[in-house]
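*Asks:* Chain by chain, the residues:
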Amino acid sequence: MSPVITLTSDWGLRDHYVAAVKGAIISRLPEATIIDISHQISPYNLKQGSFILRNAYPAFPPGTIHIVGINTEESERTPHIALLHNGQYFIGTDNGIFTLMFDSLPEKIIELEITQDSGFFTFSTRDRFVKAAVHIAKGEPLEALGNLRTDLNALISMKSQVNGNTIAGRVIYTDNYENVFLNITLDELEEAGNKRKFSLNIKGRKHQVNQLRSAYTDVPDGEIAVIPSSTGFIEIAINHGNAASLLGLHTDDVVLIEFDN
Amino acid sequence: MSPVITLTSDWGLRDHYVAAVKGAIISRLPEATIIDISHQISPYNLKQGSFILRNAYPAFPPGTIHIVGINTEESERTPHIALLHNGQYFIGTDNGIFTLMFDSLPEKIIELEITQDSGFFTFSTRDRFVKAAVHIAKGEPLEALGNLRTDLNALISMKSQVNGNTIAGRVIYTDNYENVFLNITLDELEEAGNKRKFSLNIKGRKHQVNQLRSAYTDVPDGEIAVIPSSTGFIEIAINHGNAASLLGLHTDDVVLIEFDN
Amino acid sequence: MSPVITLTSDWGLRDHYVAAVKGAIISRLPEATIIDISHQISPYNLKQGSFILRNAYPAFPPGTIHIVGINTEESERTPHIALLHNGQYFIGTDNGIFTLMFDSLPEKIIELEITQDSGFFTFSTRDRFVKAAVHIAKGEPLEALGNLRTDLNALISMKSQVNGNTIAGRVIYTDNYENVFLNITLDELEEAGNKRKFSLNIKGRKHQVNQLRSAYTDVPDGEIAVIPSSTGFIEIAINHGNAASLLGLHTDDVVLIEFDN
Chain A
1 MSPVITLTSD WGLRDHYVAA VKGAIISRLP EATIIDISHQ ISPYNLKQGS FILRNAYPAF
61 PPGTIHIVGI NTEESERTPH IALLHNGQYF IGTDNGIFTL MFDSLPEKII ELEITQDSGF
121 FTFSTRDRFV KAAVHIAKGE PLEALGNLRT DLNALISMKS QVNGNTIAGR VIYTDNYENV
181 FLNITLDELE EAGNKRKFSL NIKGRKHQVN QLRSAYTDVP DGEIAVIPSS TGFIEIAINH
241 GNAASLLGLH TDDVVLIEFD N
Chain B
1 MSPVITLTSD WGLRDHYVAA VKGAIISRLP EATIIDISHQ ISPYNLKQGS FILRNAYPAF
61 PPGTIHIVGI NTEESERTPH IALLHNGQYF IGTDNGIFTL MFDSLPEKII ELEITQDSGF
121 FTFSTRDRFV KAAVHIAKGE PLEALGNLRT DLNALISMKS QVNGNTIAGR VIYTDNYENV
181 FLNITLDELE EAGNKRKFSL NIKGRKHQVN QLRSAYTDVP DGEIAVIPSS TGFIEIAINH
241 GNAASLLGLH TDDVVLIEFD N
Chain C
1 MSPVITLTSD WGLRDHYVAA VKGAIISRLP EATIIDISHQ ISPYNLKQGS FILRNAYPAF
61 PPGTIHIVGI NTEESERTPH IALLHNGQYF IGTDNGIFTL MFDSLPEKII ELEITQDSGF
121 FTFSTRDRFV KAAVHIAKGE PLEALGNLRT DLNALISMKS QVNGNTIAGR VIYTDNYENV
181 FLNITLDELE EAGNKRKFSL NIKGRKHQVN QLRSAYTDVP DGEIAVIPSS TGFIEIAINH
241 GNAASLLGLH TDDVVLIEFD N
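Chains as they are written, first to last, in the numbering used here: chain A, 1 to 261; chain B, 1 to 261; chain C, 1 to 261.
Not the full set, but computed from the structure, chain C residues with beta-carbon under 10 Å of chain A:
1) Val4
2) Thr6
3) Thr33
4) Ile37
5) Gln40
6) Ile52
7) Pro62
8) Ala215
9) Ile227
10) Ser230
11) Glu235
No lab work stands behind these hints: they were computed from the structure.
Just so it is clear, CB atoms sit at the ideal spot from N, CA and C, and this is done for glycine as well.
Could you build the full structure based on these sequences and the hints that come with them?
*Replies:* If you want it as structure tokens, here you go:
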């Protein structure tokens, strides 16, 4: 079976960066299957990148190698690393993105010691991460890439908070349809709500929504549907409308879920 | 020969949706060749999606499987379906897009009965259409996916109309160069015109263009060229200019082709 | 090893053009590995296209075939051509893009004589370039595609100029992070500077930057870093900022590098 390598970055699709990395991969590993996760992440946006990657990678087969090209600058505090987690590999920089992505520490963390292939230090993805990916794809041991580490740099991800009849959550992502994802899981909502009806309180304005829906079309056009999304998080959508714009919601904004007494 | 599967959607390229579908495909069918038709279709825009897909799919080899992820919500009125048409397969929702795309009924229409792979109902493309595609790619009979149907939901596509010396057409698509495509085929224009010179009447303003051109550069920079495009439809372009903006044309706007007496 | 074919164009990713070309390729050559260089080049922008392609193609393996779909209109003055250069193949139109891309004449230049596959003249990439690419991928001689030529149409690329203590350069490209690339190579800067400190003079305003940096993060957030980029050209960046906007720089603008005495 041909090795699968994915790419995630904030390069956009106009520049030469994506193609240069793909060329570097197939030059060394012609049989590789290369799949783009996303290159449209806002520049330097680790939160956005982690949300996209955490929702994409579980669909990939065991052994897949994910190259993560966001904020790749290496420093003593933020080394280049390769990880093994849930049977898949991740190569990138220890800038906090991996603690945002994973709910537990990876099985294995290696700090890369392999030399990079150019004298330039602005394109580590092409010049170092590809080399590490090819090494792994050829079945060589992860440990040969560098030294074992036991911890990762952590970025704080805000957790939702339950307070009496209210869950206070925050917007973690807005998708192409302007559906809004909260940092509240289905389990958290069900436990706090105990089957009670609920409303959304967005910036002081109350929207009675009563219950979870399973599809956007379970409400009339233009109405709010709160849905347990396929990401595991709760999603606020407006059937055939743009929820983020219409509700004035941006990343990190607070949304209160208020249960009826 | 490895199976070819294409993807068409309104997901955009930033979110995790495209990658999650590709991961789901190669997890089941590592040898698949996956090709994106387009993911930049405007949200919910069946007309735009049908134009893009109808002009892309004929280039693909027999047996290609096209997954269509636009307005995928299933209902009694709009079931999930798999089609065989012109030797290629199409999987999507019977929301009208296929009648916009095809000029005749497909050879075979199957209403999907296979169960989907998750408890979520917002991502049928990943959780149900991929399963159907893999089934077909493995050479199993289409009939095993569900029940035969004999008809499709129809969306009305406006036809051009000939009235005396005039063809009244409408804008059906505007491309990246702002070239404008009308719902008038070369055959229709030639039959109505019978080699006469013609002008365009756009919102009451007359543009004498005289004759069809075969290339944009057959007119000087900044001038209008009317061209039998490779889509089969008539195209209005401005050599090195933006026809849609400069002529104020949007989808569904009327354009009159007026033949000289 | 499966043949590698890349695509570069100004089509964007919404329309059917990219997919139609890929379908045409795999219909003839199912084993091809197709890689997009970029389809986000601004319409008709040969300078931008040449910068992207010249920085992407060296990463590809020998024998790679690059199809270039920008300004493809054929005329007596601008024929369709196939080139061999540095062990890789290029197929496109002799509109000047190749002289912008290469620092020397290609080893071989062939003017295409093969017929195209449709009666339309607006989609040469699909109808003629793919045919030439498949021919080359199958190992047939380049000469069978048409007649040898000895020269290419040249577009003038502005060279940087040294004048006393100053190098006058111009902006040749701005990337997704708004990093600005000048037409000044590392060698040119080092030779003229002879290890002296320097400042940038941008539209009459002087920015003391002193020395080259090797990484964006070698300066504090918000400060200017001048870096020998992996493209071979000098790059002006602002650490975690948007250099092009903040410095008011656009393609072709002049930037003076002034060395201290």
